Each structure stands twice: as C-alpha cells, then as structure tokens.
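**Q** Protein sequences appear in the order of chains D and X.
Heads up: the first sequence at position 184 corresponds to 184 in the working numbering, and the numbers run straight through without jumps.
Heads up: the second sequence at position 17 corresponds to 17 in the working numbering, and the numbers run straight through without jumps.
What the hints contain is simulated information worked out from the structure, not anything from laboratory work.
Keep in mind that the hints are not guaranteed to be accurate.
Simulated restraints on C-beta separations [unchecked claim]: (1) D:Thr22 / X:Ser82: 53 to 63 angstroms; (2) D:Asp18 / X:Ser82: 22 to 32 angstroms; (3) D:Gly39 / X:Ile87: 18 to 28 angstroms.
Since the model is a prediction, treat every value here as computed from it, not as a measurement.
By construction, the Cβ of each residue, glycine as well, lies at the ideal position given by its N, Cα and C atoms.
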Amino acid sequence: MKIKVLKDVLKANDTIADENRTILRKKRILTLNLMSSPGAGKTLILEKTVERLKKDFRIGVIEGDVSTSNDAKRLVKYDIPVIQINTDSIGGACHLDANMVKEALVSLDLSSIQILFIENIGNLICPAGFDLGEDKKVIVLSLTEGEDKPVKYPIAFRKADLLLVNKLDLLNHLDVDIELLLKNSRKVNPDLKSIQLSARTGEGIEEWARWIRKSLELKNRKSRAL
Amino acid sequence: MHELSLAQGIIQVIGEELGKREEKGTVQKINLRIGQLSCVEPEALLFSFGFCSKKTQCENAELVIEKVPLTCKCQNCGKDFSPEEAIFVCPDCGSTRIKILSGEEFYIDSFEIE
C-alpha cells in the first residue's frame with residue numbers, strides 16, 4: 001500500500017526558524033547570520049564590530065563551531081553574552097540549524113539584546129541551506145580565497161544580503177583581482193551589496209557598522225508600523 | 001554534506017506518519033524527490049540511511065530517489081528556463097535577476113508498506 005506524505009524534510013527546520021524569527025521580532029532584535037569558509041576572519045570581524053558598537057548597543061553572540069570554545073573565549077572578554085554551540089556532540093554537523101539556535105535563545109537574556117550575531121560554522125556550502133530565523137545573511141569572503149569563490153559556491157552567495165570582503169590589508173601582496181571578485185558575486189546575486197574591509201587594521205569597519213545601524217533602524221521602523 | 005541528519009529526518013517523518021495512521025506493516029519503499037540544487041549526494045544518503053535505519057520501522061526499506069530538475073523564472077522578461085550552469089542567466093534577455101521555481105526541495109513523496 002502506498003501512502004502519500006509530501007513532506008519536505010527541511011521544512012521542519014523552516015518552521016522552527018519562523019518561530020525564532022517571531023521571538024526575535026517581538027524583542028526587536030536585529031539578527032545577523034555570518035557565514036564563510038574557515039579562516040575568512042568572521043571572529044576577528046566580530047571582535048572589531050563589538051568594540052565599535054558596544055557603547056551604543058547591547059550585543060549578543062551565538063558562536064557555532066564543530067569543536068572548542070576558542071572563538072567564544074575571544075568574545076566574552078568584551079563583557080557581552082556569548083553562547084557557544086559545539087556540534088561535535090550532535091554528529092559534528094557542518095552547519096547550524098534552527099533548532100540549535102532555538103535552544104541557544106533560551107539561554108540568552110533576550111530583553112538585554114538589540115543586535116544578535118550568529119557566527120555559523122566555517123563552511124561555504126551547508127550553512128546556506130538552513131534558515132535560522134535571522135534578518136540578514138552576511139557572507140564573509142577573504143581576499144586570499146580567490147576571486148572565483150562566488151561562482152564556485154553560488155548557493156551561499158545567492159542567498160546572502162551582504163558580502164564582506166575581508167583582509168583588504170593583504171591586497172598589495174596578492175594577485176587577486178577585487179573587481180573580478182565583485183563582478184563574480186553580482187553574476188550570482190545582482191542585488192548583493194558589498195563592503196571591503198580589513199578586520200586586522202580596522203579599515204572599512206565603520207562602513208560595516210553603519211550598515212548594521214541602518215538595518216536595525218529599518219527593522220525597528222518596520223516593527224513599529226506593524 | 002549533512003546526509004546523516006537528512007537520513008535521520010526521513011526516518012523521523014516516516015515514524016510520525018506511521019504513528020498517526022491505522023495501517024500497519026513494514027516499510028518497503030520510500031519515494032523521495034530531491035532537487036538538483038539541494039546539494040544532497042544520493043550515494044551518501046543511501047549509505048547514511050542504511051545504518052541509521054537499523055532497528056527502526058524503516059529497516060530494510062528501499063530508498064527511491066527521483067531528482068527534480070532546476071527550473072527558473074527570469075524576473076525581467078518572465079521566461080521560464082532550466083539553467084545548465086551554476087550561474088543563472090536568462091537565455092532570452094541575458095538578465096541575472098532570476099527566481100528559482102524548483103530544484104531546492106528535499107521531499108518525501110510517499111512510502112509503501114506491506
């Protein structure tokens with residue numbers, strides 16, 4: 001006997017992601033999902049961003065890694081709430097999913113947060129397939145990775161709202177063509193905005209901070225209108 | 001990829017479906033529809049399912065995978081097409097403003113019990 005199911009296996013994740021989004025909207029928290037390959041500089045960008053925005057906003061971070069709490073340790077020194085998710089206890093998952101974030105949200109005092117950063121597992125493939133309930137997906141690509149990454153891993157770039165091109169301080173030491181990199185990213189996602197920065201020197205961090213401020217403002221304006 | 005967690009997801013969904021139905025029996029076959037863009041490797045999924053399904057209601061069930069091709073709609077001129085490359089460009093007007101219609105899904109279409 002044949003039984004029709006017609007159930008999307010990934011739908012379960014989307015349902016939980018929507019619940020997360022509702023919770024975060026009620027608390028008026030801007031949530032940004034940071035994705036990149038390992039070593040692109042997500043954590044250092046976060047450190048510099050927290051330094052820059054901490055005096056004006058209450059910030060929280062959810063750190064995703066397969067193993068260790070090295071990244072979380074780098075952020076707790078800023079005296080902000082940081083939750084570490086390690087996926088090695090759950091099969092070493094290559095991405096964060098909505099349920100992991102839901103559980104992390106329970107451990108955070110949400111009324112004391114305005115901006116929540118979720119640092120996804122370093123991986124350019126799997127994280128793109130899982131909605132976490134975030135407002136925006138931000139993809140970080142460092143110059144050392146080469147200009148063809150957007151066309152090699154189009155799914156992640158297609159879903160992103162913002163591209164941060166990191167390690168700008170290395171530009172003169174590399175053969176990378178930054179214009180070609182941006183052109184490749186627009187081939188995949190014509191609306192993708194980009195900001196060039198160096199987390200190491202701090203160049204471009206202010207522009208990124210402005211983008212965050214503006215996104216928070218827009219979100220608050222929208223939720224007031226609702 | 002994360003075929004292991006997808007295999008567990010399939011077993012969980014089938015378990016839930018069986019739980020709310022009167023029909024009982026052993027699961028013989030599970031029919032899946034997997035989009036070309038879902039990044040699922042059928043080989044890895046079959047392998048993961050093989051050991052995840054041990055001692056579950058899905059043990060010994062056959063996974064039948066139907067691939068769903070990628071289809072897109074151009075947001076500029078409205079043309080429906082199936083891109084052959086990972087970069088989506090409308091074959092008519094050349095626009096890259098493209099909406100994906102199908103090819104991202106990972107569905108359990110149906111299962112068969114005996």
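**Q** If a hint holds in the structure, say so; if it does not, say that too.
**A** Hint-by-hint comparison with the structure:
1. For threonine 22 of chain D paired with serine 82 of chain X, a C-beta distance near 36 angstroms fails the hint of 53 to 63 angstroms.
2. In this structure the hint that aspartate 18 of chain D and serine 82 of chain X lie 22 to 32 angstroms apart at CB holds, the actual value being about 30 angstroms.
3. A hinted range of 18 to 28 angstroms holds for the C-beta pair glycine 39 of chain D and isoleucine 87 of chain X, which are about 26 angstroms apart.
The earlier numbered hint that this structure contradicts is number 1, and it is the only one.
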